[in-house]
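> Below, each chain spelled out in residue letters.
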Amino acid sequence: MSSSAHSAAASPGVPRLAQHFASIEVQNHAARLGMWLFLSTEILLFAGLFVCYGCYRYLFPEAFAAASRHLDLTMGTVNTVVLITSSLTAALAVHYAKEGKNGVVALMFALTIGMACIFLVIKGFEYSHKFAEGALPGPYYRMEAVQLPGVPLYFTIYFLATGLHAFHVVVGMSVLVWLMFKAMREKNFGPNNYVAVELGSMYWHLVDLVWIFLFPLLYLI
Amino acid sequence: MNPSSSTTAEGVLPAHDAHDAHHDHPSYLVDGTTIKSWLLTVDHKRIAIMYLVWILLFFLVGGIFAMAIRIEMLTPGPTIMDAMTYNRTFTLHGMVMIFLFMIPAIPAVFGNFVLPLMLGAKDVAFPKLNLASLYIYLAGAFLALWGMINGGLDTGWTFYTPYSTHTTTTVAPVLFGAFIIGFSSIATGLNFIVTIHTMRAPGITWFKLPLFAWALYATSCIQVLATPVIGLLMVIVTGEQLFHFGLFDPARGGDPVLFQHLFWFYSHPAVYIMVLPSFGVMSEVVATYSRKNIFGYRAIAYSSLGIAFVGFFVWGHHMFVSGQSTFDAGVFGVLTMLVGVFTAIKVFNWVGTVYKGAVDFKTPFAYFCGFLFFTVFGGMTGIAVATTSLDVHWHDTYFVVAHFHFIMVGATVMAFLASLHYWFPKMFGKTYHEGWGLVAAAFIILGFNATFIPQFLLGNYGMPRRYFEYPERYQALNVASTAGASLLAFGFLIIAIYLVYSLAYGRASGQNPWRSKGYEWLSASPPPTHNFVGPQPTYPEEPHFYVDPKKAEVPDVV
Ligand code: HEM
Ligand SMILES: [Cu+2]
Numbered sequence: 001m002s003s004s005a006h007s008a009a010a011s012p013g014v015p016r017l018a019q020h021f022a023s024i025e026v027q028n029h030a031a032r033l034g035m036w037l038f039l040s041t042e043i044l045l046f047a048g049l050f051v052c053y054g055c056y057r058y059l060f061p062e063a064f065a066a067a068s069r070h071l072d073l074t075m076g077t078v079n080t081v082v083l084i085t086s087s088l089t090a091a092l093a094v095h096y097a098k099e100g101k102n103g104v105v106a107l108m109f110a111l112t113i114g115m116a117c118i119f120l121v122i123k124g125f126e127y128s129h130k131f132a133e134g135a136l137p138g139p140y141y142r143m144e145a146v147q148l149p150g151v152p153l154y155f156t157i158y159f160l161a162t163g164l165h166a167f168h169v170v171v172g173m174s175v176l177v178w179l180m181f182k183a184m185r186e187k188n189f190g191p192n193n194y195v196a197v198e199l200g201s202m203y204w205h206l207v208d209l210v211w212i213f214l215f216p217l218l219y220l221i
Numbered sequence: 001m002n003p004s005s006s007t008t009a010e011g012v013l014p015a016h017d018a019h020d021a022h023h024d025h026p027s028y029l030v031d032g033t034t035i036k037s038w039l040l041t042v043d044h045k046r047i048a049i050m051y052l053v054w055i056l057l058f059f060l061v062g063g064i065f066a067m068a069i070r071i072e073m074l075t076p077g078p079t080i081m082d083a084m085t086y087n088r089t090f091t092l093h094g095m096v097m098i099f100l101f102m103i104p105a106i107p108a109v110f111g112n113f114v115l116p117l118m119l120g121a122k123d124v125a126f127p128k129l130n131l132a133s134l135y136i137y138l139a140g141a142f143l144a145l146w147g148m149i150n151g152g153l154d155t156g157w158t159f160y161t162p163y164s165t166h167t168t169t170t171v172a173p174v175l176f177g178a179f180i181i182g183f184s185s186i187a188t189g190l191n192f193i194v195t196i197h198t199m200r201a202p203g204i205t206w207f208k209l210p211l212f213a214w215a216l217y218a219t220s221c222i223q224v225l226a227t228p229v230i231g232l233l234m235v236i237v238t239g240e241q242l243f244h245f246g247l248f249d250p251a252r253g254g255d256p257v258l259f260q261h262l263f264w265f266y267s268h269p270a271v272y273i274m275v276l277p278s279f280g281v282m283s284e285v286v287a288t289y290s291r292k293n294i295f296g297y298r299a300i301a302y303s304s305l306g307i308a309f310v311g312f313f314v315w316g317h318h319m320f321v322s323g324q325s326t327f328d329a330g331v332f333g334v335l336t337m338l339v340g341v342f343t344a345i346k347v348f349n350w351v352g353t354v355y356k357g358a359v360d361f362k363t364p365f366a367y368f369c370g371f372l373f374f375t376v377f378g379g380m381t382g383i384a385v386a387t388t389s390l391d392v393h394w395h396d397t398y399f400v401v402a403h404f405h406f407i408m409v410g411a412t413v414m415a416f417l418a419s420l421h422y423w424f425p426k427m428f429g430k431t432y433h434e435g436w437g438l439v440a441a442a443f444i445i446l447g448f449n450a451t452f453i454p455q456f457l458l459g460n461y462g463m464p465r466r467y468f469e470y471p472e473r474y475q476a477l478n479v480a481s482t483a484g485a486s487l488l489a490f491g492f493l494i495i496a497i498y499l500v501y502s503l504a505y506g507r508a509s510g511q512n513p514w515r516s517k518g519y520e521w522l523s524a525s526p527p528p529t530h531n532f533v534g535p536q537p538t539y540p541e542e543p544h545f546y547v548d549p550k551k552a553e554v555p556d557v558v
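Going down the list, the protein sequences come from chains A and B. So for the first sequence, full-length UniProt numbering puts the first residue at 1; every next one is plus one. So for the second sequence, full-length UniProt numbering puts the first residue at 1; every next one is plus one.
Hints are computed from structural coordinates only; laboratory data are not their basis. Be aware that a few hints might be false.
[Unchecked claim] Simulated restraints, written as ranges between beta carbons of each label pair:
| no. | chain 1 | residue 1 | chain 2 | residue 2 | range |
| --- | --- | --- | --- | --- | --- |
| 1 | B | 344 | A | 85 | 50 to 58 Å |
| 2 | A | 209 | B | 505 | 34 to 42 Å |
| 3 | A | 167 | B | 434 | 50 to 58 Å |
| 4 | B | 380 | A | 131 | 55 to 63 Å |
| 5 | B | 464 | A | 50 | 50 to 58 Å |
| 6 | A | 167 | B | 76 | 49 to 57 Å |
| 7 | A | 205 | B | 203 | 56 to 64 Å |
| 8 | B | 387 | A | 51 | 25 to 33 Å |
| 9 | A | 51 | B | 167 | 23 to 31 Å |
Yeah, the Cβ is synthetic: ideal placement off N, Cα and C, and Gly gets one too.
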């Protein structure tokens, strides 16, 4: 929104109006609608993977069941809890942004980011575990314990899905880091100016939501 | 805003009227003349012009390769290239035409230019995203072209697996390029949807939206909902090519038909991304030059949404011979025919608009006539190939090539040329020579027919597509097709010459040379940077309101 010449003059709690919008309400409405549309494209991106998962699960039911029992359920569960909690702190950030408590907003985002780091570290352990075992995608699969046709495909999908999800975690973290610094430096979130926080949190909820689907598909069933 | 743009009020709205002298509001073309003021602009009109330049360039590249294909097909044996080069040539042609020309052409150029004007808005909702989408498009385009030149790609634009994951040609950069271009398409679609929802001027209700805006809305919905799926697919296939995971490779337990499902889940709706904007353009053109209120406004608007909706449920008609069950094939066939029903609604309404109109036979109207023919004929052959029993005979023959060229090239290129001529005065404030316009249109329309009607016959006689040699008996029709393609190319040449000439020497067109009732003509031609000077126009009438059908039986002859 640098299209406004008054960027430097932005005072606390007062959002900047870009010159092509009629009013702040319209501008916020546009931002939210844009974000919802963007999130729906993200969901569709993952939907393609879910379709692949569904098809191969149907073609190789035993292999998928066997391979899924090979994932570390504890780590997966811990990660699920961590991610859901991080979604809560992200939601609280929006709550405090509306109240103009910029310090708390920054804190909430710091917590969210911290949990995201924990998530990634755990994920890293899981990955290295899989690498060591040879539970790798396609032609690289060399785990002696499970030898069924279809298992390498399972791990292909596992790495694609969790990899793509992890990539989204990283993107989400960058957004939240940016918002955290904004809250700390500019301190201008308030009742009239919290849309940026809201959108950032929405993105984070998406990351959480996708995981809520991945977890049962990959670990539980 | 762009750095060297006008010094007038930037920021809050009302300040704008403060100094309202005309010299304060130069047209967007001259408001800032540095290279930077163009490359970094966030003005939707300048972005549209930059798109236009690039898209025409890519059209030229695709066209040169089309001519290479046609020259190769002049003789039954090798003519100017070997088999591998031929494979790469038609792949490059298909890729460039589909992803770099047809999909962005009308929305990114004309949609970008006129949509905000039609809505009485100062810009699209997210101007920076708009500029970003141009550069994303270019980045993807150059990556793909780089891949096609260095190593080439011989899979055809459909990248069918498992061939595409095993060929030794460079699949990865091309696919990744296509993936990147997808983001540009999503960004444009998203921007348009939000713009239409939030930026309509007071007075423009949903049912006062010009039909072009309705068409763009439907198109954008498809772009946003279908593109992510192919994006994912492109990434997976790139990975497959590099690491041979085997997700779509039967040798490793993967399922190539799953690839086809995902591919066509996007690519069938993609053909409506290409053709729906054309329908929108034609609704504008037909009303303007018939000087008559559009017939069946709501039916036309809803049928765009209808096409967008059923477009998602018909992809299976590309896989009639892939082993899907007869029942599935039947369902997909019937659903496909529904698209024909929606298209027919539009066709009848256009014809109803022309009926008893005071037709002003200008160049865009000539393209409308060509368009009507190609849409009806191409649509009818579409119904024919949607019939399973017939398609088994025609599948992967030149009949299919002719079918999709009739619709995509015939209808969409007609609309592209119609838009170019119709909005040329709006964009540049200049007129072109009407006589040359009509001559070129004649070449183009005849050329298209001469190119593709022989291909329908070839397909029906059993000539398969994508083959580089063919039996003697197909030669006569191939020569006819190549001759037609030359006429077509000649037509494009004429257009290029007189339009460039008009840019330099054309007469000033005045604000509204067609005396159109379209909202976009309410601003100056070419428009000033923020589209409107002074108080916002009001919108008391419906768009396309030439004659009140309730009051006047007889059209107002002018
Ligand atoms: C300028 C006149 C054109 C001529 C003479 C021409 C000719 C051809 C020919 C001979 C083929 C190869 C068919 C085969 O071997 O299967 C082809 C394929 C194709 N063309 Fe064109 N074409 C033209 C313009 C266009 C345009 C404007 C588009 C934009 C949509 C287009 C889209 C395609 C597509 C999608 C294919 C299929 C490529 C494939 O299946 O690999 N063509 N064209
Ligand atoms: Cu189709």
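> Look at each hint and say if it fits the structure.
For each hint, the structure was consulted:
1. B:344 <-> A:85: 50 to 58 Å: This hint holds: roughly 56 Å between Cβ atoms.
2. A:209 <-> B:505: 34 to 42 Å: violated (59 Å)
3. A:167 <-> B:434: 50 to 58 Å: For residue 434 (chain B) against residue 167 (chain A), whose Cβ atoms are near 55 Å apart, the range 50 to 58 Å holds.
4. B:380 <-> A:131: 55 to 63 Å: holds (57 Å)
5. B:464 <-> A:50: 50 to 58 Å: violated (36 Å)
6. A:167 <-> B:76: 49 to 57 Å: Cβ of residue 167 (chain A) to Cβ of residue 76 (chain B): about 51 Å, so the range 49 to 57 Å holds.
7. A:205 <-> B:203: 56 to 64 Å: violated (37 Å)
8. B:387 <-> A:51: 25 to 33 Å: holds (28 Å)
9. A:51 <-> B:167: 23 to 31 Å: holds (25 Å)
In the structure shown, a violation is registered for the earlier hints numbered 2, 5 and 7, in ascending order.
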